[in-house]
Amino acid sequence: MPKVLIVDDEPHIRLLLEQTLEDLEDKGVEIITACNGKEALEIIKKESPDIVYLDVMMPETNGYDVCNAVKNELNLKNIYIIMLTAKGQEYDKKRGEDSGADIYMTKPFNPDVIIAKTASILNIAL
Amino acid sequence: MAQVNFEKLISKRDLLHVITGFANAFNTPLEILNKDGQVIACLNTHSDTNILHQKNIPLSNNTYPVMLNGIAIGWVKGDQTVRVFSELLSYLANKEFEKKSLATDMLDTYREINLLYDIADKIVACTEVIDIARLIIDEARQLIHAPNASIMLLNNDDVLEILSAYGNEFIPKTRLKRGEGIAGNVALTGIAEIVNDVASDPRFVKGHNIVSSLLCAPLRIKDRILGVMNLSSYPSYAYSARDLKLLNILASQAASFIDNAMLFENKMKTEHIKAHLQRYVSPQIVRSILEDTEGNSLNPSKRKITILFSDIRKFSSVCEKLAPEEIVKYLNEYFALMVEIIFEHKGTVNKFVGDMIVALFGAPFHCDNNEIQAIKSAIKMQQCIKSVGSRWIRDNFVTGIGITAGEVVVGNIGSPRHMDYTAIGDEVNIADRLQSLAKGGQILVERNVYHATKDVFKYEHFGKITIKGKEKPIEIFSVIY
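In the order they appear, the protein sequences are chains Z and S.
Per the working numbering, the very first residue in the first sequence carries number 1; after that it's consecutive.
Per the working numbering, the very first residue in the second sequence carries number 1001; after that it's consecutive.
Pulled out of the complex, with its shape left as it was, chain Z reads as follows (with noise of 0.2 Å):
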C-alpha cells in the first residue's frame, strides 16, 4: 500500500493536503500525517513513505534539514521529497538541492497539480 506523509506544522495546511488526496486515499493510498519535523522523521525511518509533502518552515527541525536527514543521513533516496513553501516567503533553492529535495511547491497550492503530481509518482491512474 503506497504511503504519503504530510508535514506541516499547520493544523489546516495538514487537513487540506489531506482532504486534496481524499480521492486517492480511496484507492488504496494511506496518507500520514506529522506536525513537526522530528516527528515526521520518525514516522519516516519506520514506514518509509513513498511520498513526503514538507513544509520548509518549521520551529525547530525545519524542512531543509528533515530532508537532508531522509536523503543523504538515512540515504533513502527512493523517498519523493516534495518541499512546500508559502508563497513570497524565501525559498532557498540551492538549500533545497543540497539537502535533495525533488521539487518544490509554493502555498497556496493547486489541489489539482497536488492530486496529479502525487498520482503520476505513484503511478496511479485516475
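I should point out that these hints are in silico values taken from the structure, not numbers from a laboratory.
Treat the hints with care, as some may be off.
Lysine-lysine pairs mimicking BS3-like chemistry, simulated, CA-CA at most 27 Å apart [unchecked claim]: (1) Z:K27 <-> S:K1302; (2) S:K1008 <-> S:K1122; (3) S:K1222 <-> S:K1245; (4) S:K1351 <-> S:K1274; (5) Z:K117 <-> S:K1008; (6) Z:K117 <-> S:K1222; (7) Z:K94 <-> Z:K117; (8) S:K1269 <-> S:K1245; (9) S:K1122 <-> Z:K93; (10) Z:K117 <-> S:K1012.
Based on these hints, arrange chain S on the given structure of chain Z.
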C-alpha cells in the same frame, strides 16, 4: 456534502490501536461490521497485535449501531458491554464528519484563493482588453456554474455592449442602455444581483437569449462603472450568495485590469497620433488637438488666418548642379530648419509642394496677432538661410516669401480615405502669387497684412498687381528687415 467512509475510518491505525486497547481492558471480544453487516474487524481479547483478522469466534448476538446523522453506518457485535464501543465509534464518526465538512469547505475556499492567484499570474500576460475579458470568463466558469457568460462594457453613448461572451445563447448584438434590463440596472446601481427566476423579474428584457437564472455584477472602479459581468443558466439554477460573492471578486479584478488595459490602449493610440501629427504641426498644437475631446478642431470652417508661401528661386536650375540624392539631403536640412521656425511662431505646416512650403497661422487653433507671427517667422526664415552653416544652402536655396491674410475655409478636406488639413480661398492663391513675385530674400505682403503690422515692422511699397477675377489691383508691400 462530506461523507464518512466507515471502513476507512476503522482502518485508521491510531483508531484501531485505541479500540483494541479498550477491548483488551474490557476483556470483551467484539466484531465491527459495515452497514451491510459484513465483518470488517474482529478483535479478540488479549490479542497482542493491532492487525485486523477475521475469525469466526462465537459471539453474543447483540449488535449496536454506529450512528451518524440518524443513519446506521456500521455495527458493533458482542456482549452488552460493546454498546459503549458503538457509542464511542458514533462519536468519532461524527467528529470525522465535522472535520470532513470543514476540510471540504476549506478546500473549496482554498481552490478559490488559488484561482485568484492564478488569474493574477495569467493576466499579467494580457495587454489587450479582449484577452482579459476572455480570461476572466474562463476562470469564472471554473468556479461558478455558467453555461453562458459575458462581459459587457458601457460605450460612449452609455449603452452596454458585449465585449466577450461564452455560450450559444449569447448574441454579440445584445445592447442594453444603462438602466435597461437587469444588466442595465446593475450598471446603474453598481450593486451585484442574483436573479434565479429571470422570467418573473419585470426588468428582464426578453431577447434572443433563453435565460432562466442570472448572476450579474458591476465592473466598478470606485464610483465609476465600466460595465457588467453576467453569468447565466438555462435551465434554471439556484445561484447562491457564495456564487455572487465570487463573481463580485472576479468582476472587481476584471474591472481594474480592463481599465488599465484601456488606459494603455488609449495611451498607445495617442502616442501614435502624436508621432504622426508632430510632423505637421508644432508640439503645442499637437497637445491642443489631443486635448480637444470634441474633435471639432479639424472640421472645415471659415476662419480668418494668415497664409505663408515660401519657395526657392530657380530651384530647377539649382537641381541640375548636384545629384538628386545630394539635393534631397540639402532640401531635408533646409525644410527641417524652416519648419522649426514656423512651429516656433505657432504656425502649422500645411504642405510641401516640391521645394515650396505652405504654412498657416491661426489654424487649426486661434492665435493672436497671427499676421505678426507670420512675418516674424518669415524674417527668421530668411535670416536663417543667410546664416546657415552649409555654404551650399546659403548660396543656392535663395528663397522668396509671400504672405496674405483673410477669411478662408480651413479644415480636413478630401475623401474619407485621404484627408488633408488644408486651406481654400482667394487669399491662398494670392499668397502663392506674391511668393512667385518675391525675389531671393524678399518677403512680400498684401495691404491688409501691412495694415495690421505696420507698427511692428518697416515696409516699403512694392507695387500693384492685378489678379484674374479681381476688379481692383492688389497693393503689395515688402518687409524691410
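Here is how each hint holds up against the structure:
no. : hint                : result
1   : Z:K27 <-> S:K1302   : 85 Å, violated
2   : S:K1008 <-> S:K1122 : 39 Å, violated
3   : S:K1222 <-> S:K1245 : 17 Å, holds
4   : S:K1351 <-> S:K1274 : 18 Å, holds
5   : Z:K117 <-> S:K1008  : 23 Å, holds
6   : Z:K117 <-> S:K1222  : 42 Å, violated
7   : Z:K94 <-> Z:K117    : 23 Å, holds
8   : S:K1269 <-> S:K1245 : 36 Å, violated
9   : S:K1122 <-> Z:K93   : 24 Å, holds
10  : Z:K117 <-> S:K1012  : 24 Å, holds
The structure fails to meet hints 1, 2, 6, 8 from the earlier list, while all remaining hints are met.
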